[in-house]
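Protein chains: 2
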Amino acid sequence: MNKWVYNFGFGKADGNAEMRDVLGGKGANLAEMNKLGLSVPPGFTISTEVCHYYYKNNKEYPKELLMQVNESINEIEEKLKFKLGGNDFPLLVSVRSGSRASMPGMMDTVLNLGLNDNTVQALAKASKDERFAYDSYRRFIQMYSDIVLGVPHEDFEELLEAEKLSNGLILDTELKTENMKSLVGKYKELVRTITKEEFPQDPILQLWGAISAVFDSWRNQRAITYRKLNDIPEDWGTAVNVQAMVFGNMGNDCCTGVAFTRNPSTGDQEIYGEYLINAQGEDVVAGIRTPEPLSKNSINNSTNKQDNSMESKMPILYKELINVFKKLESHYLDMQDVEFTIQKNKLWILQTRNGKRTTNAAIKIAVDLVNEGVISKEEALIRVDANTLEQLLHPTLDPMEEKTILTKGLPASPGAASGKIVFNPDEAEALSKSDEQVILVRTETSPEDIHGMHAAKGILTGRGGMTSHAAVVARGMGRPCVSGASEIFIDEINKTLKIKDKILSAHDIITINGSTGEVILGKISTVDPELSEYFNIIMGWSNEVKTLSIRTNAETPEDVKIAKRFGAEGIGLCRTEHMFFDSERIKFMREMILANNETERKKALAKLEPYQKEDFKEIFTIMEDLPVTVRLLDPPLHEFLPKLEDDNSELLETTGITQKELKNRLEQLQELNPMLGHRGSRLGITFPEIYEMQTKAILEAGLELHKEKNIKVNIEIMLPLIFSSKELKILKDNISRVSEGLLEKETYLPNFIVGTMIELPRAALLADEIAKEADFFSFGTNDLTQTAFGISRDDAGRFLETYIEKSILENDPFVSLDYKGVGELIDIAKKKSRNIKKSIKLGICGEHGGDPKSINFCNKLGLDYVSCSPYRIPIAKLAAAQATLKSNSK
Amino acid sequence: MNKWVYNFGFGKADGNAEMRDVLGGKGANLAEMNKLGLSVPPGFTISTEVCHYYYKNNKEYPKELLMQVNESINEIEEKLKFKLGGNDFPLLVSVRSGSRASMPGMMDTVLNLGLNDNTVQALAKASKDERFAYDSYRRFIQMYSDIVLGVPHEDFEELLEAEKLSNGLILDTELKTENMKSLVGKYKELVRTITKEEFPQDPILQLWGAISAVFDSWRNQRAITYRKLNDIPEDWGTAVNVQAMVFGNMGNDCCTGVAFTRNPSTGDQEIYGEYLINAQGEDVVAGIRTPEPLSKNSINNSTNKQDNSMESKMPILYKELINVFKKLESHYLDMQDVEFTIQKNKLWILQTRNGKRTTNAAIKIAVDLVNEGVISKEEALIRVDANTLEQLLHPTLDPMEEKTILTKGLPASPGAASGKIVFNPDEAEALSKSDEQVILVRTETSPEDIHGMHAAKGILTGRGGMTSHAAVVARGMGRPCVSGASEIFIDEINKTLKIKDKILSAHDIITINGSTGEVILGKISTVDPELSEYFNIIMGWSNEVKTLSIRTNAETPEDVKIAKRFGAEGIGLCRTEHMFFDSERIKFMREMILANNETERKKALAKLEPYQKEDFKEIFTIMEDLPVTVRLLDPPLHEFLPKLEDDNSELLETTGITQKELKNRLEQLQELNPMLGHRGSRLGITFPEIYEMQTKAILEAGLELHKEKNIKVNIEIMLPLIFSSKELKILKDNISRVSEGLLEKETYLPNFIVGTMIELPRAALLADEIAKEADFFSFGTNDLTQTAFGISRDDAGRFLETYIEKSILENDPFVSLDYKGVGELIDIAKKKSRNIKKSIKLGICGEHGGDPKSINFCNKLGLDYVSCSPYRIPIAKLAAAQATLKSNSK
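Those protein sequences? They're chains A and B, same order as listed. Taking this note's numbering, I'd label the letters of the first sequence as residues 171 to 1060. Taking this note's numbering, I'd label the letters of the second sequence as residues 171 to 1060.
No lab work stands behind these hints, which were simulated from the structure alone. Model, not experiment: these values are computed from the prediction. Some hints here could point you the wrong way.
Because identical chains share one entry, a pair is satisfied inside a single copy or across any pair of copies.
As the list claims (entries may be wrong) - With a cut-off of at most 27 Å between alpha-carbon atoms, the simulated BS3-like pairs for lysine-lysine come out as follows:
no.	residue 1	residue 2
1	Lys-514	Lys-1000
2	Lys-990	Lys-1002
3	Lys-902	Lys-229
4	Lys-976	Lys-899
5	Lys-976	Lys-773
6	Lys-1056	Lys-877
7	Lys-731	Lys-787
8	Lys-899	Lys-226
9	Lys-356	Lys-882
10	Lys-833	Lys-813
11	Lys-773	Lys-757
12	Lys-772	Lys-896
13	Lys-1002	Lys-976
14	Lys-830	Lys-813
15	Lys-915	Lys-514
16	Lys-1007	Lys-334
17	Lys-902	Lys-226
18	Lys-251	Lys-346
So here's chain A without its partners, still in its complex pose:
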């Protein structure tokens, strides 16, 4: 018989922490915590295999499940002496999702299950608190009806508001027992009206309804979006955890809270958490009431200056909690994110998991754990998600600039951002698609807002604490967030944001600082960030461990400088065409393209040469003796031409052509598929004078630097879009002719080698022949992906998302290298070329060069280097170190 259900409780468990695949993260931890001897409410986990079965079999369950669930309930009932539907001591349970990866708030949860018209009275009797019992029942009806029966929760909230209004009450806590009872009646009536059936009274019926609702919620829209954003596979599925309820809302000797065992924002060794007295867990997470801090130290961060910390209010229980935290950290060897409830002064641990953290915190915690002797350097390197480093590297607000601070909220996710105020997540997404920077401003966020949060540069909310939905999600996404800014008021109808007496409209610009909680008027300029000592330690360890060399893709002196500062070990791709777009130069470029013959073309090229030479001199000066790979002109010429509707009078004058001729030329140069057109080395073959000019500029730059500053440059001239060794041979011969021409006048010639991009499938397949003519290969994985897949990157938007949703592709192949297809081509090229020329230098210079997964693949293949954009260099270094560690551990 298959085992579908795993019990836990009373210091024992069927599962353990290793069984995340089957039990989900929550289920595995509940089992593990039981084994650790913590007091965890007993329950059972329905495994993820049931989820697979459910979706494969038209939402039916395996036959044995019913029996196994019944047995588990019986066991809880027996040991706890509470009974589901029991009239004396009714057992109430929670029903929660729990997948292999954490997906906070994305799936459904039902609490207080087991309440009905009878058990509510039993609960009142047992807890000696009638108000609490009916409050729980009312909450349960609302939650269950919303999730399982499809009755909108707003309808219940309307009834609640009406009840308060008609009794002149403001806070929920002011509601009396009668109010609760009255509400229960009204809620049930609402359910009857909408569903045409009575609210279900049988706890077993309730239970199966809730279980199905949780399984169904695996495929709700927000869960799908979240998985897409976080690269979580569709086929993992969720487990369902059914667990006895404990209550944080049975009076003022009760509370509920969440805590991180270290500060998830800074990594500091302090308890970071919040709690609410006389409340249930969802009150904390949903941000409906702003909670109080756990420890006294945190008071400063809060907007509320009164000391309501748990440390002060419940000192003994606080100490017990701290001890639990230590136990958990020393067991899991990492910072934990813990949910707990205190019921009548008894501490129950509801959940623990490795806590999400900011990148700064991740780095500091990892380094601290090494210093505390808990983990090794190598383990520390593995702990930091390389992708997240980028957040640290971007500029922060200029402290010297004067700021009009409008208000201050909680510093919920660090970093700063400026942008247009937008109140609606759909609009945020739409505007960001047209490259607008927006700040999403919401009273509170909910899982439906995720796409808008992702599109926004920053998030500002009026309610909710440091662990509210907005805060957790923003930290996960690396978006700055200020939460709980209680002084802001959003007028949805007039689309205005009122802060104290200031009224801002939609699309006005504000700046938020998620590290201080400040909300600032207008746009604030930024400065380069100070990189922490912890960051430098991690980089140092990465350099020690990694074997791949990390170069950069850069051509402006600014970018080259940034890359050098981040430790670039060379330039892997200097795109010369970017140097032609300056307004001064583009006119000569256009003259060149419009030239009628070689002589005219050469005349225009001669005007461009001094500019190119100066550019190269600047770059070479910064890079000194580090290798610099210069790629000769790549894009189709028409990219440089103006539009017909532009004012082209100057161009027409200098070139002496007419408007009509310009039109003809533009049409002539138009291409149906420019990506596959007259570009790359094809330009070098048909117009040799272009590459000759560039070669001359490169070599003379090196020559002059040698004379002027005694710098010995290391040049790698790279030819793009080669598909045949003969192309390369012809172009190499032309380069040699230029260098021999220089040697006739000079005694010194800078060091240079000649290589090629491998960015077409044919080039990869013929890599042995091509290697004979090349000193190095640089895999242009962007174009190689385009041609291997037959997908134009610019046109892929229409179907790529569908392809990922339908699991045809695991991820966007332009972000993470497709190792099966494109990777196979690289592997073929590597083997063929090294077979012919063992010493050939191999690297990649597509966008993939900054992507950790792709870097891991390049490391496995044994390439020599990867090249990425300047801001991704630290990421690439860490990822390269992680790749080395992974390959060593095999």
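Since the structure of chain A is provided, determine the placement of chain B on it from the hints.
Coordinates of chain B only, in the frame set by chain A:
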């Protein structure tokens, strides 16, 4: 010591017919003829290796060459008792090119070399004909000066015309000895004026000048063009043949002629040739005088009805010639093209080679040779150039139509063509690029006209015989040609063509019939050709021998019928999108594309379905039980949309969208690189309803045909542009759902299998995975070529020619499959897929399916079939047979 020079003469030779690589075709045959015992003027061949050396070493010669040439000359002088520059018996020589492949008229030749102011007198004495001697000297000065010294030949012709004019003469033959002497003086003066030097008198200097000129002519423009048109590699090089002169112009007991041993136009077993009494060889070839036929039988074909045939005029020598022809045919086992000269009643054979022939002749000769027991069936199949079969298959002039015959010339190259009159080869090329059909009309053609002849649909000349330049080249190219139409007169200045009293202008339309010699006014409609019994024999033998199956790419009933008639063994590619372009259907297609949601889209698709079903029924009815591969919709949807500037009122009305919305939609659907865009199976994934409609139409067509006519169809549903097995799986499941849906109502379901195009590199690399989901693969070599090379076929025009000129590519990869790159992908896919699924059916369906070289490659790979356009099926069958024979012979 390297051997650079090979002697022949007096029944002996250093070389033989096998040494074409080193001696060129002419040199090898001269050697071979000597060995056969024919009387061939003695001489020597400077090998092609000297040509390689010459071009590699900056036009210098190997050191040993001078000595070897001197030795060879000495030997000729000793044996022939004539001496170069000798005052008694001066030796005159010809210096001719000769490459491995025949390139008639493309390179330079110098005759009469050795003449100077002294030897001309000796020649006069020896030949007892002073006029002949000075005529030869004058010709030599002109030819040598033109070719070696660069003095334009027109300048000499002007002097000749002036000489005739001032003496009241019309024909060259009327010139007296004094005229010749006077011309020699004037010619030498012309050379002095232009070159500032005396015409060279030293025969050895003359010889080396001529040798270099011949080597140089290997790289003149017309030779390069010819090689490109005929796929002759640049690196073969030419040999140079130096041979003692014999003279056909020493009086009326002399003549010179060319002959084919069988009729090269029809293949009939008759002597087909021409001769001129008292003339040199170039007079025949250049078409300056219209020659007389060799045999009496040929008189009917000639415009000149008087019997001046050699058979009547020189009966004994004619018989001797016929005996030589027989000897040559039985030695070379093929029809020969022979040049000969009779000097003072002594027959000299100057050259023999396998004769060029029309396709009809090639077929008949091959079959006849089998029947004569000379060659085997297999050898006969190899003898016919598969590519040329296409000429036979196209329609000919409708015999029932009334024709205004303007005049009649010689039936120089069979076939018929209509087109605009064009007098200039450049204009012919330009017009043909804009898809105009043109007839090139020239007084006579020369090698400079080749590009225009290639561009024209037919060629008409006023002068020249059946072996004139125009006739030989036109037959080689498969262009119809009427030559020697002596009644036509071209007025170059007014751009008119006068035929008798009719005056036609440039761009007026005429029709020529190269099989009858008729020149006809206007355009004449055509009828399907009768295929000869010989053609059918060759096809029958091909079917016996070939192992590849030959299918067709066709979707209109007309094309399918033609293909079936030519023996198509199935349809390899039925492009469903071609069925949507009809004006009735395109509007539903547009409705579908402009639909806002699935429901509207399905509504539009439902309107298209009946049309599709009817199409399939027609096709299936023709093909009966032969396999029919139907490819589901492939191109990007915007290809079906109208242009904004069109009248779209009907479309706007039916769809209810506004002009502005249409504009938006058009812009939305626009793609930067449509070739790599939202097309192929990507449409099937994002809009499943499209492929579902098509599947339904296909299966229901099969179903209804079964009911109505008891036809059991064999359907292969093919999915385009797949790069992953998961795509294929999803689409296959959708197809299954449709077929299961049909089975719910029907008891019979037509036979069908599901497969995919392999047209993206990734699909080839992952062929093992994809094969698990596929019953067959069809390699889409067009797109596979585009993606492997990164070349858009539509944009390749700008550089592909340069790439072929520079030998980067051997030929256009869209015409002949690139076996190194694209072929490697096919090979990988074959191995991987057959490894997983031995039975998987493999074929190709790109344009390459009708290209003999590519077919040979597919045969070598062991594919199951190729698919090509209907008119190429016979070519494909013969090519497939040849491929089998080639692979067997290895």
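Index of numbered hints that the structure contradicts, given in increasing order: 1, 6, 9, 15, 16 and 18
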